[in-house]
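Assemble chain B onto chain A, guided by the hints.
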Amino acid sequence: MEIVLKVVQPAKELALSPAETETDGRAPAWFDALFREHYPRVVAMLARLTGDRGQAEEIASDAFCKLSARGSGPEEQPDERHTPWLYRVATNAGLDALRRNVRRRRHEQAAYVESLRSASAVCALERLLSEERRARVQAALAEMKPRDAQLLLLRADGLAYRELAESLGVQASSIGTLLARAEAEFELKFRARHGEGI
Amino acid sequence: MKECWDEGGLRAYLDRELPLEEMARIAVHVGGCAECHARYNELAGRAARVAALMEALEAGPVVSQPISLPARPQRRWTMPGRRIMARPVAAAVLAVAAAAALAFVLLPKRTERPKPEVAPHVAPHVAPERRDMEQAVAPSGAGPWPALSSSPRAKGPRRVKPPNVQYYLALDDEPIDTGVVMRVALAGTAVQADVIFDAEGRPRAIRTIK
Numbered sequence: 001m002e003i004v005l006k007v008v009q010p011a012k013e014l015a016l017s018p019a020e021t022e023t024d025g026r027a028p029a030w031f032d033a034l035f036r037e038h039y040p041r042v043v044a045m046l047a048r049l050t051g052d053r054g055q056a057e058e059i060a061s062d063a064f065c066k067l068s069a070r071g072s073g074p075e076e077q078p079d080e081r082h083t084p085w086l087y088r089v090a091t092n093a094g095l096d097a098l099r100r101n102v103r104r105r106r107h108e109q110a111a112y113v114e115s116l117r118s119a120s121a122v123c124a125l126e127r128l129l130s131e132e133r134r135a136r137v138q139a140a141l142a143e144m145k146p147r148d149a150q151l152l153l154l155r156a157d158g159l160a161y162r163e164l165a166e167s168l169g170v171q172a173s174s175i176g177t178l179l180a181r182a183e184a185e186f187e188l189k190f191r192a193r194h195g196e197g198i
Numbered sequence: 001m002k003e004c005w006d007e008g009g010l011r012a013y014l015d016r017e018l019p020l021e022e023m024a025r026i027a028v029h030v031g032g033c034a035e036c037h038a039r040y041n042e043l044a045g046r047a048a049r050v051a052a053l054m055e056a057l058e059a060g061p062v063v064s065q066p067i068s069l070p071a072r073p074q075r076r077w078t079m080p081g082r083r084i085m086a087r088p089v090a091a092a093v094l095a096v097a098a099a100a101a102l103a104f105v106l107l108p109k110r111t112e113r114p115k116p117e118v119a120p121h122v123a124p125h126v127a128p129e130r131r132d133m134e135q136a137v138a139p140s141g142a143g144p145w146p147a148l149s150s151s152p153r154a155k156g157p158r159r160v161k162p163p164n165v166q167y168y169l170a171l172d173d174e175p176i177d178t179g180v181v182m183r184v185a186l187a188g189t190a191v192q193a194d195v196i197f198d199a200e201g202r203p204r205a206i207r208t209i210k
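In order, the protein sequences belong to chains A and B.
Going by this note's numbering, the residue at position 1 of the first sequence is 1; the numbering climbs one at a time, nothing skipped.
Going by this note's numbering, the residue at position 62 of the second sequence is 62; the numbering climbs one at a time, nothing skipped.
Treat the hints with care, as some may be off.
Here's a subset of chain B near chain A, in silico, CB distances under 7 Å, partners left out [to be verified]: (1) Glu7; (2) Arg46; (3) Leu57.
No lab work stands behind these hints: they were computed from the structure.
In this text the structure is predicted, and so the values were computed from the model without any measurement.
A virtual CB, placed ideally from N, CA and C, is assigned to each residue, including glycine.
Chain A with its partners taken away, still in its complex shape (with noise of 0.2 Å):
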């Protein structure tokens, strides 16, 4: 019986605190840390990107199931090349995502299409016109390279260059050239492909 309580006790299969960092094959305290500050983050980014938090949500919990298995072990201590590489796996997994979403999403923007028959004509034309766009400038970013379509979604979301220098594992002093340059880009693919009219 005694055996099995410490086989069963949730308190220890599922915690996730500092304090409890015992060598049972549970994550290490750095990524406990590193857990919870990114998680929001890179799921707000994928869910930008994706325009699906579900979907968001299962990248971003692979992405870091990844960088459990990276760990050598839980005394390891944290690695500065950890958040860049979480950052780089969730964005390239995201911009996949947005490449097989193509199929379903067709199927799903005729059912939204035939919703907004229902609706009012400017409101339906709106949402239209809103989907439109937001289909327009996922197909731009999933031309970009990934780092520049990250660097974009990140600052989207309001970080800091010393927030965004930290995920991408560079310099603080070079984020304005990169997001100079990923904005160049990003306007660059978007009239290759819808014209001027951006």
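Below, chain B alone, put in the same frame as chain A:
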């Protein structure tokens, strides 16, 4: 004086992500350098356009956006007792409360009815004319409830029985189009009532069950 700034510096200046001293220097330089001023304006315009487009991503996710379906037609009940109430709990509570209030008013009158055994003692002394007069008046009292005669003579074999109709008491002034009848019982008592609920689940009329 520093030479012209690169676009990275100007972009950071645009976002106010530089130290104050450097911000001041760039401001002075951009104010006096036409080339940097034009580049700064170009960067600012592009940043504004990109930001506006990125805002489209938070306007409403395609997938997780709830698709608004046409409003469900309002349920109507035309066959009493064949449908389930839309809000059964609230309706039942209202019905029981109404039945309790009605029963509270009506029950004392019913208990004040004359006992049947009193009738044989009084009936022989009543004149025939008086009996006829009571029979003529009795139909006017044939309302929702049987006439509560103060005289036990009405229990005689010639008594006119009121029609076996139990009327509903309307709970408001609005006409009732369609509805469903639900029989409710006051908890802990034998008092029952029929309550008419309209299509929205509101109790509209009530009658007690004898």
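Here is how each hint holds up against the structure:
1. Glu7: With a minimum Cβ separation of about 4 Å from chain A (threshold 7 Å), the hint on B:Glu7 holds.
2. Arg46: holds, 5 Å
3. Leu57: holds, 4 Å
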